[in-house]
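Asker: As a plain string of letters, each chain reads:
There are 2 protein chains.
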Amino acid sequence: MSVSLPRKELFDLPEGVIYLDGNSLGVLPKGAAARAQEVIVDEWGGQLIKAWNTAGWMDLPRKVGNRIAHLIGAPEGSVATGDTLSIKVYQALAAALRMRPDRKVVLSDNGNFPSDLYMAQGLMDTIGKGYALRTPAPVDVMEAITEDVAVVMLTQVDYRTGRMHDMQAITARAHAVGAVMIWDLAHSAGAVPVDISGCGAEFAVGCSYKYLNGGPGAPAFIYVRPDLVSDIQPALAGWLGHDAPFAMELAYRPAMSTERMRVGTPSILQLAVLDHALKVWEGVTLDEVRAASIELSDLFIAEVEARCPSLVLASPRDPNVRGSQVSFSFDHGYPAMQALIDRGVIGDFRAPDIMRFGFTPLYIDKQDVLNAARIVEEVILGEIWREAKYQTVSRVT
Amino acid sequence: MSVSLPRKELFDLPEGVIYLDGNSLGVLPKGAAARAQEVIVDEWGGQLIKAWNTAGWMDLPRKVGNRIAHLIGAPEGSVATGDTLSIKVYQALAAALRMRPDRKVVLSDNGNFPSDLYMAQGLMDTIGKGYALRTPAPVDVMEAITEDVAVVMLTQVDYRTGRMHDMQAITARAHAVGAVMIWDLAHSAGAVPVDISGCGAEFAVGCSYKYLNGGPGAPAFIYVRPDLVSDIQPALAGWLGHDAPFAMELAYRPAMSTERMRVGTPSILQLAVLDHALKVWEGVTLDEVRAASIELSDLFIAEVEARCPSLVLASPRDPNVRGSQVSFSFDHGYPAMQALIDRGVIGDFRAPDIMRFGFTPLYIDKQDVLNAARIVEEVILGEIWREAKYQTVSRVT
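Chains as they are written, first to last, in my numbering: chain C, 1 to 397; chain G, 1 to 397.
Treat the hints loosely; a few may be bogus.
Intra- or inter-copy, both count: the list cannot distinguish identical chains.
[What the hints assert, rightly or not] Cut-off 20 Å, straight-line C-alpha distance, at most; resulting in silico cross-link-like pairs (EDC-like, lysine to aspartate or glutamate):
#, residue 1, residue 2
1, Lys-30, Asp-12
2, Lys-8, Asp-42
3, Lys-8, Glu-288
4, Lys-63, Glu-9
5, Lys-8, Glu-282
6, Lys-129, Asp-102
7, Lys-366, Glu-377
8, Lys-50, Glu-38
9, Lys-50, Asp-342
10, Lys-104, Asp-125
11, Lys-50, Glu-15
In short, the hints are calculated from the structure, not lab data.
Keep in mind that this is a model prediction, so the values were computed, not measured.
Chain C extracted, bound-state conformation (with noise of 0.2 Å):
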């Protein structure tokens, strides 16, 4: 493990409580609260519409897609931002599928997360041409990537399982018969080194509130491939990503990069957060990240299968194909979440039976996951779970 890692003092981290849920919602910088303070107070309150100038508030989706670059291998200017991953993914697809007009497949798996599989049936239904998705189970995928698909549409670590596709072979695939690229980093961004650049894919989207630690509903990502920018046409046409926005011309005219990929006005208290809270990812390497990320997790596996033969791993015991999560398959995973919540560990609970655990070396350490596996063998061996409390709580997430 790196000397570097972790940087706890980087965190406002709460006491007694080991977070192992930053694949949700990462946690809180230090200097994030202040950052917000001086762009409300100071900027907003004192410059008001100036600030958008004199506060670079302009410049500020620019910036932060850069930031993010450096964390995927992509190039500087390559990455726009704003927006939730839903609409990035919307707007991939949609790009996509017009690279492709004679073809009418979508390939996704079973693993995705809905919301992206959501989003390509609300486009193909808007399209209206015949337009099928496929959806087979994760391993299966590489055997789909026939001739007849226009677009493979994939997230990189499965939410539930923590397995990972090979990023390269898979677009290797899809590039050999014909088809688009689309990698969903949601589970990948600052968990696992990525070099999309590399890989050729033409597309890849991600957020920004897990692993980046930019606070709930933080802005969104998508990285374009640069040398397909200028001939991508935008289905989301908003007037930021216009070539000259404050021209006001009537018809939509592309900026010539990846701003392109902008639509309306960006949430600037939210990018504000997430480029001060990208900030700590200076002198880091994914790499680096990655190797304390293994032994952490593996630890973790070890630690709990010692300890609790009724929790089934539901990840890829391989950490060579698991991202930076661990997941236990558990009759009663809900119940048990809660107890362990209530007891500090905090992971989450995925339907129908996943219990969650995120590892991010930034602010958890070996001690944390030790820690952390004796209170899963409190509450699973000690049947904590079938309190009465835990088996009544109403579930919203």
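Start from chain C and add chain G according to the hints.
Answerer: Using the frame of chain C, we list chain G on its own:
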């Protein structure tokens, strides 16, 4: 004028500034920074993922939607919030076009905010079935509503001139020819009384960073007429518009309420600030605001016209067809506005020659208007805009 306006004590207004740009970015409500601090430190930092339930984040979009509903004459539960206005335009238009599958014409006007037109163009290109966008001059809209029109999509108050469409009459005409009506309330919500239920329009959209003071990039909103909701087919079929987002079903199944117009994870920080900002409307009626706005606008027109004959009124003189802004045409409008801003009178400029001044009676009073008119005179009659520094300022906004 109502005795209760202005309510300057509810806002943090910078010293020495007369802010006539609340129609672009509203001012900072007192307490907004403290609310943001609370969300960041106590909720995100302290409660982490649990805050979706414990801090009410899950309910925030609906709560804010209900506050906005109250201001536009919409019933509880009929307004969904999130995303940007451009996205909401796309959603409304996509749904509206599906309601009239046999018609191919979208009618707007050439005074509409360009992003609305761009989004329509992007949608029509995406559907790709011979749709046409017609953009007559605003005054010619009524007679352009013919039986081939699928959707009439207009912004009630013209962003440049402040000219106001008659919502009631135009909606009635649209319905008479079988067209669907979409109103963009960007310059209406919080500025003029709107009775969206009363006019019977199918959809309305708007933004919250202008007259609603939600801050830069605050979320947008969309209203769907309640009797139609269950038949609306969302083009942007995101997981938070799903009937059971956390069931993680593979197929999209929209919520049985306006919530189906939600898309992805909401920007909690911006929503919380907006929720706070909307509290200033408690106890204020739009009728009071409107009466004060007309008084302030009429006064400004009279004062400026008496002092500066070279400024040509670009807004309707009749306050009944004018929103809450006053625009003047002036060949040297851009440098003149820079000179005004330098002297503490903040309006803005819109191509090609429009000097815009917005009137927000919550925090602008008669003395402000008189002072502003005096400074306008100083800049225009003194030809201060000829100074080299105003001629060379780069034109970003």
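Asker: All hints are to be evaluated individually against the structure, with a verdict given for each.
Answerer: Verification of the supplied hints:
1. Within a single copy, Lys-30 and Asp-12 get their C-alpha atoms as close as 6 Å, which meets the 20 Å cut-off; across copies the closest is 26 Å, which misses it.
2. In the homo-oligomer, the alpha carbons of Lys-8 and Asp-42 lie at most 20 Å apart only across protomers (18 Å), although the nearest pairing inside one protomer, at 29 Å, exceeds that limit.
3. When the C-alpha separation of Lys-8 and Glu-288 is checked against a cutoff of 20 Å, the pair qualifies only within one copy, where the shortest distance is 15 Å, while the shortest distance between copies is 53 Å.
4. Taking CA atoms no more than 20 Å apart as the test, Lys-63 paired with Glu-9 passes in neither setting, with 25 Å inside one copy and 36 Å between copies.
5. Taking the shortest alpha-carbon separations for Lys-8 and Glu-282, only the intra-copy value of 14 Å comes in at or below 20 Å, while the best inter-copy value is 43 Å.
6. Taking the closest pair of Cα atoms, Lys-129 and Asp-102 come within 20 Å of each other both inside a single copy (11 Å) and across two copies (16 Å).
7. For the identical chains of this complex, Lys-366 and Glu-377 are intra-copy neighbours only, at 17 Å inside a copy versus 70 Å across copies, given an alpha-carbon limit of 20 Å.
8. Within a single copy, Lys-50 and Glu-38 get their C-alpha atoms as close as 15 Å, which meets the 20 Å cut-off; across copies the closest is 27 Å, which misses it.
9. Taking the shortest alpha-carbon separations for Lys-50 and Asp-342, only the inter-copy value of 11 Å comes in at or below 20 Å, while the best intra-copy value is 47 Å.
10. In this assembly of identical chains, Lys-104 and Asp-125 lie within 20 Å of each other by CA distance both inside one copy and across copies; the values are 12 Å within and 17 Å between.
11. Taking CA atoms no more than 20 Å apart as the test, Lys-50 paired with Glu-15 passes between copies only; the shortest distance there is 15 Å, against 41 Å inside one copy.
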